[in-house]
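Trainee: The chain contents come next:
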Amino acid sequence: MDLKQMKVMPAPADLKPEDFRKIGMDEKEAEVIQRESISAWQDAWYRLRTNKLAMFALCVLIFICVAAIIGPMISNYDYYSNDYLNTNSKPSAEHWFGTDDLGRDMFVRTWMGARISLIVGLAAACIDLLIGVIYGGIMGYYGGRVDEIMNKFSEILYAIPYLLVTILLLVVLEPSLGTIILALTITGWINMSWIVRGEIMQLKNREFVLASRSMGAGSGRLLFRHLLPNAVGPIIVTVTLSVPNAIFAEAFLSFLGLGVQAPIASLGSMINDALTAWEAYPWRMLFPAILISLTMLCFNIFGDGLRDALDPKLKK
Amino acid sequence: MKKNKSLLLLLTLVLALSTLLAACGSNDKGASNGGKNNTPAENGNSGEDGLAADQTLRINLSAEPPTFDPALAEDSQANTVLKTMYEGLVRVDDEGQPLPGTAETWDVDGVKYTFHLRKDAVWSNGDPVTAHDFVFAWERVLSPETMPAPTYAYQLYYLKNAQKYNEGEISDFSQVGVRAADDYTLEVELEAPTPYFLGLTSFYTYYPVHQSVKGDEKWALDASKMIVNGPFTLTNWTKGQTIEVTKNDKYWDKDNIKLNKITMSLVNSSASELASYKNNELDRAGHPHGEIPTDQIPILEKDLKDELKIKGIASTYYYQFNTTEKPFDNFKIRKAFAMAIDRQILVDKVALGGQIPAFGFVPPGIKGINDEYRVENKDDYFAENIEEAKKLLEEGMQEEGYTKLPDITLLYNSNDAHKKFALAVADMWKQNLGVDVQTQNQEWAVFLENRQNLNYQVARAGWSADYNDPMTFLDMWTSNSPHNDVGFKNEEYDKLIAEAKATEDNEKRNENFKKAEEIFVKETMAILPLYYYTNVGLEKPWLKGVSLDFSGAIDYTRAYITEERK
Amino acid sequence: MVRYIANKFFYMLVSLFILISATFFLMKAIPGDPFTSEKKVPPAIKERLYEQYGLDKPVYQQYLKYLGDIAQGNFGISMKRANQDVSEIIGQTFSSSLKLGLVAIVVAVVVGVLLGMLAALYHRKLMDNVAMVLAVLGIAVPSFVVATMLQYVFASKLHWLPTTGFNGPLYYFLPVAALTAQPIAFIARLTRSSMLEVLHADYIKTAKAKGLGWMAILFRHVIRNGIMPVITYLGPMTANIVTGSVVIEQLFGIGGIGKQFVEVISNRDYPIIMGITIFYGILLMFARFITDIAYVLVDPRIKLNKGKEG
Numbered sequence: 001m002d003l004k005q006m007k008v009m010p011a012p013a014d015l016k017p018e019d020f021r022k023i024g025m026d027e028k029e030a031e032v033i034q035r036e037s038i039s040a041w042q043d044a045w046y047r048l049r050t051n052k053l054a055m056f057a058l059c060v061l062i063f064i065c066v067a068a069i070i071g072p073m074i075s076n077y078d079y080y081s082n083d084y085l086n087t088n089s090k091p092s093a094e095h096w097f098g099t100d101d102l103g104r105d106m107f108v109r110t111w112m113g114a115r116i117s118l119i120v121g122l123a124a125a126c127i128d129l130l131i132g133v134i135y136g137g138i139m140g141y142y143g144g145r146v147d148e149i150m151n152k153f154s155e156i157l158y159a160i161p162y163l164l165v166t167i168l169l170l171v172v173l174e175p176s177l178g179t180i181i182l183a184l185t186i187t188g189w190i191n192m193s194w195i196v197r198g199e200i201m202q203l204k205n206r207e208f209v210l211a212s213r214s215m216g217a218g219s220g221r222l223l224f225r226h227l228l229p230n231a232v233g234p235i236i237v238t239v240t241l242s243v244p245n246a247i248f249a250e251a252f253l254s255f256l257g258l259g260v261q262a263p264i265a266s267l268g269s270m271i272n273d274a275l276t277a278w279e280a281y282p283w284r285m286l287f288p289a290i291l292i293s294l295t296m297l298c299f300n301i302f303g304d305g306l307r308d309a310l311d312p313k314l315k316k
Numbered sequence: 001m002k003k004n005k006s007l008l009l010l011l012t013l014v015l016a017l018s019t020l021l022a023a024c025g026s027n028d029k030g031a032s033n034g035g036k037n038n039t040p041a042e043n044g045n046s047g048e049d050g051l052a053a054d055q056t057l058r059i060n061l062s063a064e065p066p067t068f069d070p071a072l073a074e075d076s077q078a079n080t081v082l083k084t085m086y087e088g089l090v091r092v093d094d095e096g097q098p099l100p101g102t103a104e105t106w107d108v109d110g111v112k113y114t115f116h117l118r119k120d121a122v123w124s125n126g127d128p129v130t131a132h133d134f135v136f137a138w139e140r141v142l143s144p145e146t147m148p149a150p151t152y153a154y155q156l157y158y159l160k161n162a163q164k165y166n167e168g169e170i171s172d173f174s175q176v177g178v179r180a181a182d183d184y185t186l187e188v189e190l191e192a193p194t195p196y197f198l199g200l201t202s203f204y205t206y207y208p209v210h211q212s213v214k215g216d217e218k219w220a221l222d223a224s225k226m227i228v229n230g231p232f233t234l235t236n237w238t239k240g241q242t243i244e245v246t247k248n249d250k251y252w253d254k255d256n257i258k259l260n261k262i263t264m265s266l267v268n269s270s271a272s273e274l275a276s277y278k279n280n281e282l283d284r285a286g287h288p289h290g291e292i293p294t295d296q297i298p299i300l301e302k303d304l305k306d307e308l309k310i311k312g313i314a315s316t317y318y319y320q321f322n323t324t325e326k327p328f329d330n331f332k333i334r335k336a337f338a339m340a341i342d343r344q345i346l347v348d349k350v351a352l353g354g355q356i357p358a359f360g361f362v363p364p365g366i367k368g369i370n371d372e373y374r375v376e377n378k379d380d381y382f383a384e385n386i387e388e389a390k391k392l393l394e395e396g397m398q399e400e401g402y403t404k405l406p407d408i409t410l411l412y413n414s415n416d417a418h419k420k421f422a423l424a425v426a427d428m429w430k431q432n433l434g435v436d437v438q439t440q441n442q443e444w445a446v447f448l449e450n451r452q453n454l455n456y457q458v459a460r461a462g463w464s465a466d467y468n469d470p471m472t473f474l475d476m477w478t479s480n481s482p483h484n485d486v487g488f489k490n491e492e493y494d495k496l497i498a499e500a501k502a503t504e505d506n507e508k509r510n511e512n513f514k515k516a517e518e519i520f521v522k523e524t525m526a527i528l529p530l531y532y533y534t535n536v537g538l539e540k541p542w543l544k545g546v547s548l549d550f551s552g553a554i555d556y557t558r559a560y561i562t563e564e565r566k
Numbered sequence: 001m002v003r004y005i006a007n008k009f010f011y012m013l014v015s016l017f018i019l020i021s022a023t024f025f026l027m028k029a030i031p032g033d034p035f036t037s038e039k040k041v042p043p044a045i046k047e048r049l050y051e052q053y054g055l056d057k058p059v060y061q062q063y064l065k066y067l068g069d070i071a072q073g074n075f076g077i078s079m080k081r082a083n084q085d086v087s088e089i090i091g092q093t094f095s096s097s098l099k100l101g102l103v104a105i106v107v108a109v110v111v112g113v114l115l116g117m118l119a120a121l122y123h124r125k126l127m128d129n130v131a132m133v134l135a136v137l138g139i140a141v142p143s144f145v146v147a148t149m150l151q152y153v154f155a156s157k158l159h160w161l162p163t164t165g166f167n168g169p170l171y172y173f174l175p176v177a178a179l180t181a182q183p184i185a186f187i188a189r190l191t192r193s194s195m196l197e198v199l200h201a202d203y204i205k206t207a208k209a210k211g212l213g214w215m216a217i218l219f220r221h222v223i224r225n226g227i228m229p230v231i232t233y234l235g236p237m238t239a240n241i242v243t244g245s246v247v248i249e250q251l252f253g254i255g256g257i258g259k260q261f262v263e264v265i266s267n268r269d270y271p272i273i274m275g276i277t278i279f280y281g282i283l284l285m286f287a288r289f290i291t292d293i294a295y296v297l298v299d300p301r302i303k304l305n306k307g308k309e310g
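Chains as they are written, first to last, in my numbering: chain W, 1 to 316; chain V, 1 to 566; chain A, 1 to 310.
If you are wondering where the hints come from, they were derived from the structure by calculation, not from laboratory data. Being a predicted model, the structure only gives us computed values, none of them experimental. Please note that the accuracy of each hint is not assured.
Pairs of lysine-lysine residues, derived as PhoX-like cross-links and limited to a Cα-Cα distance of at most 25 Å, are as follows [as the list claims (entries may be wrong)]:
#	chain 1	residue 1	chain 2	residue 2
1	A	Lys80	V	Lys239
2	A	Lys157	V	Lys214
3	V	Lys501	A	Lys39
4	V	Lys378	V	Lys225
5	V	Lys378	V	Lys311
6	A	Lys46	V	Lys218
7	A	Lys80	V	Lys225
8	A	Lys99	V	Lys239
9	W	Lys152	A	Lys40
10	A	Lys99	V	Lys566
11	V	Lys164	A	Lys39
12	W	Lys90	V	Lys218
13	V	Lys495	A	Lys208
14	V	Lys305	V	Lys332
15	V	Lys430	V	Lys566
16	V	Lys566	V	Lys332
17	V	Lys489	A	Lys80
18	W	Lys90	A	Lys157
19	A	Lys40	V	Lys489
20	A	Lys46	W	Lys152
21	V	Lys489	V	Lys250
22	A	Lys8	V	Lys218
23	V	Lys515	V	Lys378
24	A	Lys39	V	Lys160
25	A	Lys80	V	Lys160
26	A	Lys39	V	Lys311
27	A	Lys40	V	Lys164
28	V	Lys515	V	Lys261
29	V	Lys305	V	Lys544
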């Protein structure tokens, strides 16, 4: 339909109302988008899929997860039985990753450790993400008194000696994986909330937010549809970092007595144990260290890919 | 894909590089001699008797002593440093024999001791060391007014009325059994005969203190304020960083003091301490004031055989049963657990420090009548025997009416070595008795609180000697002892110990000790002895004259450094 | 601005009070006290110690007394290190941590921002990958491993640097390197990520379109905006680093406040625990306050003291 032409054409005088009929096209239909609708998530997934590096990292991560589940099962050894005739033996056909100071098979222990570390790291990161983003989002978005009070609360929590809290947790609760994750997340989310707060503060006066607000968007919509998606870069960077942070914090906790109870070990505590004699028995440190570094590397590459895919500002 | 490969490759390379360096490391072992840190000193007796020109000894303390006030000290690091700065009435040699210290001679008459002080002993400010200084120091330790109350005041309870004075029952110090007859004669009267009292006077709580410290609370925190009577004076104390003592030219025996200086770093990491030692930044590492990683001992036995010094000390490592709590309220079950482990393997493969398997409680090194107590009374209170243990366990379970043992948790304080040991023991119980035992570690203070409140089933423990006598190990298990945290109560035991405390007769004491130990270990099995400790240290070949006593306390005062050190 | 600062200061005092109260009762709730030891202190002596340090009174009385002391600026004396002033101990240990920390922060920010910028400017090129691999290594390898490797390579093998100690400029290299590995990585990634965003922003295109030189764009727009998350991170990071890393201080034998804090907590040295907590709290709140000010200075669009409606 060429509206322009219609306008400039002088209307013929002899037209009667009967000359007009509905052709079955109302205004609403005119607005229909012909191309199949793609949600933001589908779009992101599409872009992520095309990022080969990120997909490869994802595959490695999945492989590590699967290996952490089945690795200990395919071996003839278990992670807790000691063998004093084979302490600190080198990697061999018998023990693929060698043995540790009590003669335990390192292959099984490494994958068991990966299992623990992954659970701890992922769980802690998820909780950090959830609490941190919401808390930081609210702080940054509302500002003023709300920000002041919530901000101070997070600062107080951050400043309370973490060790005291963990020691008390250990006394009150049974030492278990859940307790460790709890101990890690009590203050773990705060950093995330601060990062998000800073981002939101920066974004909330931007034009697109004003535009959306002037069109009557509510706070929730503004925060979750406009502000947070635009802060996705730093959020993902922080999350990919909170995974290793949680994993290493766990190693520190096990040193204090709140970590997983031996003979179960995490990768962090295995490295810690092996470190005092790593020159003599490098395999005891190397395998857990490679695994942990590989996991981190993949998390980071994947995180970058995710960021590129999710960030609306990077759309090409 | 390609990019990703190169990333992975790089990562692998970096990791591999560190391994490579490690591998290189084991090839040129011992060859490394940095020698950077040995600055030649201007003074010193160079050339004499093959001594090095620079007589500076470098050691590490794994914990910083909280104070250098002898009255308040209570840790082995403070002991190491205080030994260089102070001298008590006597000194003790390697064999535990008293040598003249500030006292030149002494007479013993039952509970009465008379010490004749040497006239040439002076404080580092030139004042003579007199008997009054000892009275002053001991009153300070015992006085209820001292702030803070010295926790080791009980080390002086051997003196007549000392405990009463300390607890405020009497307020007149002149009733306490110590008196300066004149400037150089110290008269001491004890509560009861104490054969080991002479040795005790070499302990830091008994050191004299210069009377100028009265009213000055911070004197022992400040290098410039410390007036001492030992071979060295405190010349630098940078908190958290370094401590340095320098030869005291006013010390009466200064001609026998070869070291010019002792510098102490304060590193609380066994791995770093070993690295520093290997890098020639330390002349001695390890016990008693530092630590070497246990893992490294087998390697050091190969690489640095001549420098590794392992010496038994009078301390016992054991697990204790809570005899008031299921299932260890049953003697047979306790005994089964004690018999079902292989201590030799634990020592050889897990503890690694050349420790001696323990089947008793009093460790070697403690004096008996003519020889060591442990030599005169063998610790054959029980033997390892898996079959027998299984049988005992079954009998015990029957007695208690168990079809299955209750859940058992082995408690230990967070520490890598304890963890390893606990895992190994638990694994042996599982293999040999078929019992699943959980291991659980706790932060030190939490652990102690739980143990002292009998809130455990089986827990790790260790005990070291306060003085060279079986009493220091055996009087802790009397019914009213504050250290008895196993719920052990035995009237005969209490009687035996009380008798031993009252008598001077060595034969009688020894007999009572043997009986008591038998009741405690053989007949009750209230504890599960594991091993007798050793001191593991590394000493550079150029360091000579270091002396370690029975308890593992170290004396550097007569040490020296030979020309070998460049 | 004066009102703004006064307001902030008031909030700070209130939070400090809450912090003190929470920590005090938390500390008293955990088992053990300064005189818990394997060789038990005889009951009579322990009682006297309790009296001397006021531990014999009910906890709420101890708490009120402590608040009174603090109000007068009296942090008390250590219960483990006889007669040592808490403020003195904090001063001594903090000075070591501060010296090391300041050097570390400067190194971390300079190297981190530089790496991140290079990575962003050469997005998806070799430089980007190299910078990010370095960054990932910094994050992926725990600091105790980094520290041990550094000691092994530079002290044990090459003999270039001392293994432990803190007695001069030479002693800074290894701990600073170990201490900054993670912050550098974090800063580099934050910078890269936020710079990438900025580089795609419309105002950069505008700036380019109006013919601004790339140097001007870089410094006037890209860095200024791209550095925002770094500033957010800088506050807590500064507080974190200058309050000392336990692991680094332990491995390198540095008498810093981080190591001290862990020690006094395991010793239950109450006055020092409180002292360091308060000190740390003030430092953290101050650092966050500066961060907020820095926001305003760097980004004029942010108004701090106004709510949504303002």
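Trainee: Keeping to a limit of 25 Å between CA atoms, is the pair of Lys99 (chain A) and Lys566 (chain V) held or broken?
Mentor: violated, 33 Å
Trainee: Is Lys90 (chain W) close enough to Lys218 (chain V), meaning Cα to Cα at most 25 Å?
Mentor: Answer violated: Lys90 (chain W) to Lys218 (chain V) is near 55 Å, above 25 Å.
Trainee: Compare the distance between the alpha carbons of Lys39 (chain A) and Lys311 (chain V) with 25 Å, and conclude whether the hinted pair is satisfied.
Mentor: holds, 23 Å
Trainee: Is it true that the CA of Lys80 (chain A) sits at most 25 Å from the CA of Lys225 (chain V)?
Mentor: holds, 21 Å
Trainee: Between the alpha carbons of Lys152 (chain W) and Lys40 (chain A), is the straight-line distance 25 Å or under?
Mentor: violated, 42 Å
Trainee: Taking 25 Å as the top limit, are the C-alpha atoms of Lys90 (chain W) and Lys157 (chain A) close enough?
Mentor: holds, 24 Å
Trainee: Would you check the hint for Lys80 (chain A) and Lys239 (chain V), treating anything up to 25 Å between C-alpha atoms as holding?
Mentor: holds, 15 Å
Trainee: Taking 25 Å as the top limit, are the C-alpha atoms of Lys378 (chain V) and Lys225 (chain V) close enough?
Mentor: violated, 50 Å
Trainee: Does Lys515 (chain V) pair with Lys378 (chain V) here, judged by a C-alpha cut-off of 25 Å?
Mentor: holds, 12 Å
Trainee: Do the alpha carbons of Lys378 (chain V) and Lys311 (chain V) lie within 25 Å of each other, as the hint requires?
Mentor: OK: Lys378 (chain V) and Lys311 (chain V) at ~20 Å, within 25 Å.
Trainee: Please work out if Lys8 (chain A) and Lys218 (chain V) have their alpha carbons no farther apart than 25 Å.
Mentor: Violated: Lys8 (chain A) and Lys218 (chain V) sit about 39 Å apart, past 25 Å.
Trainee: If you draw a straight line from the CA of Lys40 (chain A) to the CA of Lys489 (chain V), is it 25 Å or shorter?
Mentor: holds, 19 Å
This entry does not satisfy hints 2, 4, 9, 10, 12, 13, 14, 15, 16, 17, 20, 21, 22, 25 and 28, going by the numbered hints stated previously.
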